[in-house]
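Peer 1: Sequence:
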Amino acid sequence: MARIPSKTEILDWIAENPGLTAKRDIAKAFGIKGADRIELKRVLKELEGEGTLERKRKTYRDPEKLPPVTILLILPPDRNGDQFARPMEWQGEAPEPRVLFVPRKADAPVAEGDRILARLNEVRGEAYQYEARLIRKIGTSPHKVIGIFRKHAEGGRIVAIDKGSDKEWIVAADATQGAKDGELVEAEQAGPKGRMGLPKARIIERLGDPSAPRAVSLIAIHQHGIPDDFPDAVIEQSDAMKPAPLGDREDLRAMPFVTIDPADARDHDDACLAHADDDPKNEGGHIVWVAIADVAHYVTPGSALDREARHRGNSTYFPDRVVPMLPEHLSGDLCSLHEGLDRVVLAVWMKLDAKGRKIAHRFTRGMIRSVASLNYTEVQEAQDGNPNERCAALLPDVIAPLYAAY
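Numbering (our numbering), first residue to last: 1 to 406.
It should be emphasised that the hints constitute simulated quantities derived from the structure, not laboratory data.
Please note that a few of the clues may not be correct.
Claimed, not checked - Simulated pairs of lysine-lysine, BS3-like, Cα-Cα distance not exceeding 30 angstroms:
hint, residue 1, residue 2
1, K137, K65
2, K167, K144
3, K33, K7
4, K23, K45
5, K151, K137
6, K167, K242
7, K65, K151
8, K200, K167
9, K281, K200
10, K351, K281
11, K41, K7
12, K355, K281
13, K23, K33
14, K200, K242
15, K105, K45
16, K65, K28
17, K180, K137
18, K7, K28
19, K28, K105
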């Protein structure tokens, strides 16, 4: 009977031979034949169950590493001109690794949004973990540009606002979408460079006055490469989510939580309440609750949602819009503490003394039902003695105790 390699030996061999990861390759490397393969299979199953190895079809690999050949999405060049790429699939628990795309002179040109099949080499001591070499392009995203449309008899030109783009683009008469001279437009590449060496474009959206807030936001999104569309896999996962049940959470729905946000807020991710402490040992003290939406219930580690959120890092706010970190079904619905709806939260209970010092606290996962979605202005007006109709009803038991605790 051949000696079955230890788990450590198997993992070390796979790390050193990433292109040979089928069970037969492992068996051949360690001289395992016949019935001994059953024992090898058992060890591999254990590694898979522990999460140390991931099985893909008939091969095994470390789930915290990228395979030697994988599909990447090309990202915009960074401020140094380096071109990075994202793995189209990442199941590891750690943040997805950074991949530097290293083109060769003979390679076909690639641009932001292209999907490529690439061969990876793991590197150490750099600000990225892999270098990628092109095998072949497998999909191309049309190059887009935002600029000022200048109309002429044969169509027009677009003067790009992005310094990293071609300065001017030709637009045929049948591709202007009726754009007017001086309008801000978004266009996509419509063919190779034409006469005078200028690229061709077709207008896909008229954005209006270039000085309007909406236009300024779109220019910033475009110039800074802020992702404002979600991949299909992320949308599909988000749309499949249902409101979380109470389960073993603490039921806080009978408590008068309220959200207080700017008047134009699109989502409500935190709620609060306060009341005087009835403990005779804490005279003049208060109990304060703060609850935040339990986003982690929906966004699990390594999921498509998690990877996209890590990539974005944050929601980006503009005067007229928000580019969210999570799709609307989550950011504006299931993870938003809307008035009258059951929502799961992570909450903290705090006991404050008469001087506002915290003397006790506890955390809990719970479910709340906000009694009102308020804005800062109306709450302050209520406290100042001029409440509107709904704040008048909430003033004695909800709003006043919050100010008292404050």
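Peer 1: The structure should be examined with respect to each hint, and the outcome stated for every one.
Peer 2: Consistency of the hints with the structure:
In summary, the hint linking K137 to K65 is supported, as the alpha carbons are separated by about 22 angstroms, within the 30 angstroms threshold. Pair hint K167 plus K144 holds up; C-alpha atoms about 13 angstroms apart against a cutoff of 30 angstroms. Under the criterion of a C-alpha separation no larger than 30 angstroms, the hint pairing K33 with K7 is consistent with the structure, at around 18 angstroms. Our distance criterion of 30 angstroms between C-alpha atoms is met by K23 and K45, whose separation comes to about 11 angstroms.
Restraint check for K151 and K137: not satisfied, since their Cα atoms lie roughly 36 angstroms apart, outside the 30 angstroms limit. Pair hint K167 plus K242 does not hold up; C-alpha atoms about 47 angstroms apart against a cutoff of 30 angstroms. Between K65 and K151 the alpha-carbon distance is near 52 angstroms, which puts this suggested pair outside the 30 angstroms criterion. With a C-alpha separation of about 12 angstroms, the suggested pairing of K200 with K167 holds against the 30 angstroms cut-off.
With a CA separation close to 77 angstroms, the supplied pair K281 and K200 exceeds the 30 angstroms bound. For the hint linking K351 to K281, the alpha-carbon distance of about 12 angstroms falls within 30 angstroms, and the restraint holds. For a cut-off of 30 angstroms, the pair hint linking K41 to K7 stands: about 12 angstroms separates their Cα positions. The hinted pair formed by K355 and K281 meets the criterion: a straight-line CA distance of about 14 angstroms does not exceed 30 angstroms.
About 11 angstroms separates the Cα atoms of K23 and K33, which keeps this hinted pair within 30 angstroms; it holds. This hinted pair does not check out: K200 and K242 have alpha carbons roughly 45 angstroms apart, beyond 30 angstroms. Proximity of K105 to K45 is assessed by CA-CA distance (about 44 angstroms); at most 30 angstroms being required, the pair is judged violated. Distance restraint check for K65 and K28: the Cα-Cα separation of roughly 23 angstroms lies within the 30 angstroms cut-off, and the hinted pair is therefore satisfied.
The suggested pairing of K180 with K137 is violated, with an alpha-carbon distance near 37 angstroms, which exceeds 30 angstroms. Distance hint between K7 and K28 is fulfilled; the C-alpha atoms sit about 16 angstroms from each other, no more than 30 angstroms. Annotation: proposed proximity of K28 to K105 is violated, straight-line Cα distance about 39 angstroms (limit 30 angstroms).
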